[in-house]
Amino acid sequence: MYQPGFALYITLGVINTMQPVLQVLPLWAQVALAIVPALGALFAAFGLLLNVQQSRKTNAQARAALVAGCLKGFAEDEEIQKAFYAIEYSEFQYDEGFHKSPQEREIDKLLRHFANLALTWQAGLLSTADIQPVQYYVLRVMRDPEIKKYLAFMANWSQVTGLSEHPYAVLTKLSEKLTP
Numbered sequence: 043m044y045q046p047g048f049a050l051y052i053t054l055g056v057i058n059t060m061q062p063v064l065q066v067l068p069l070w071a072q073v074a075l076a077i078v079p080a081l082g083a084l085f086a087a088f089g090l091l092l093n094v095q096q097s098r099k100t101n102a103q104a105r106a107a108l109v110a111g112c113l114k115g116f117a118e119d120e121e122i123q124k125a126f127y128a129i130e131y132s133e134f135q136y137d138e139g140f141h142k143s144p145q146e147r148e149i150d151k152l153l154r155h156f157a158n159l160a161l162t163w164q165a166g167l168l169s170t171a172d173i174q175p176v177q178y179y180v181l182r183v184m185r186d187p188e189i190k191k192y193l194a195f196m197a198n199w200s201q202v203t204g205l206s207e208h209p210y211a212v213l214t215k216l217s218e219k220l221t222p
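Just so you know, we're using my numbering here: the sequence shown kicks off at 43 and counts up by one.
No lab work stands behind these hints: they were computed from the structure.
Everything numeric in this text was worked out from a predicted model, so none of it was measured.
All residues carry an ideal CB built from backbone N, CA and C; glycine is no exception.
Hints may be right or wrong, so weigh each one.
For each label pair, taking beta carbons as the anchor points, the in silico distance ranges come out as [unchecked claim]:
1) Leu91 x Pro144: 51 to 57 Å
2) Phe85 x Arg182: 50 to 56 Å
3) Gln174 x Trp70: 55 to 61 Å
4) Glu118 x Val78: 54 to 60 Å
5) Gln174 x Arg147: 27 to 33 Å
6) Leu161 x Asp119: 15 to 21 Å
7) Gly82 x Glu118: 49 to 55 Å
List of simulated lysine-lysine pairs, DSS-like, C-alpha gap at most 27 Å [unchecked claim]:
8) Lys190 x Lys142
9) Lys114 x Lys190
10) Lys219 x Lys99
11) Lys191 x Lys151
12) Lys190 x Lys215
13) Lys190 x Lys124
14) Lys191 x Lys215
15) Lys142 x Lys191
16) Lys99 x Lys142
17) Lys142 x Lys219
Work the whole structure out from these sequences, hints included.
Okay, here's the thing in structure tokens:
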């Protein structure tokens, strides 16, 4: 026969007997039961800090690898080098003969190369501080008056044809954020 009071009494009896069990343990066991979880929490926090530190190092290495790849591609590509030195020595002229010329392909290759880096920056994978090793080259190209004429033409052409913003536009934005 079920007696509600009896079940409550047993439940309370179990609860009441739990406290004395802890008090019956020797002092060293009571201290151990208090310290072990605290030590576990400290080790977990320490592990988390190490993980965060390693993650930051890994991210910095990945960002450096992106910039190093950009520098390597810039230095090893003959067409990109030819285009850059034409700008560097003020030999590049944006005129009517430029379009459909071999030089247009070289200049476009140079601009696309830096635009890819700028797209990575725009996506938040790189900061302007990360781009510091490439900064001189980007600014030298983007501040050239003849390149500015070409970029203005490309921006206008993209707008007239109803296409989205030209990828070189993000390169322009990046160059405005870089400080010499």
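Hints numbered earlier in the text: which of these fail when held up against the supplied structure? Of the numbered hints, 16, 17 do not hold.
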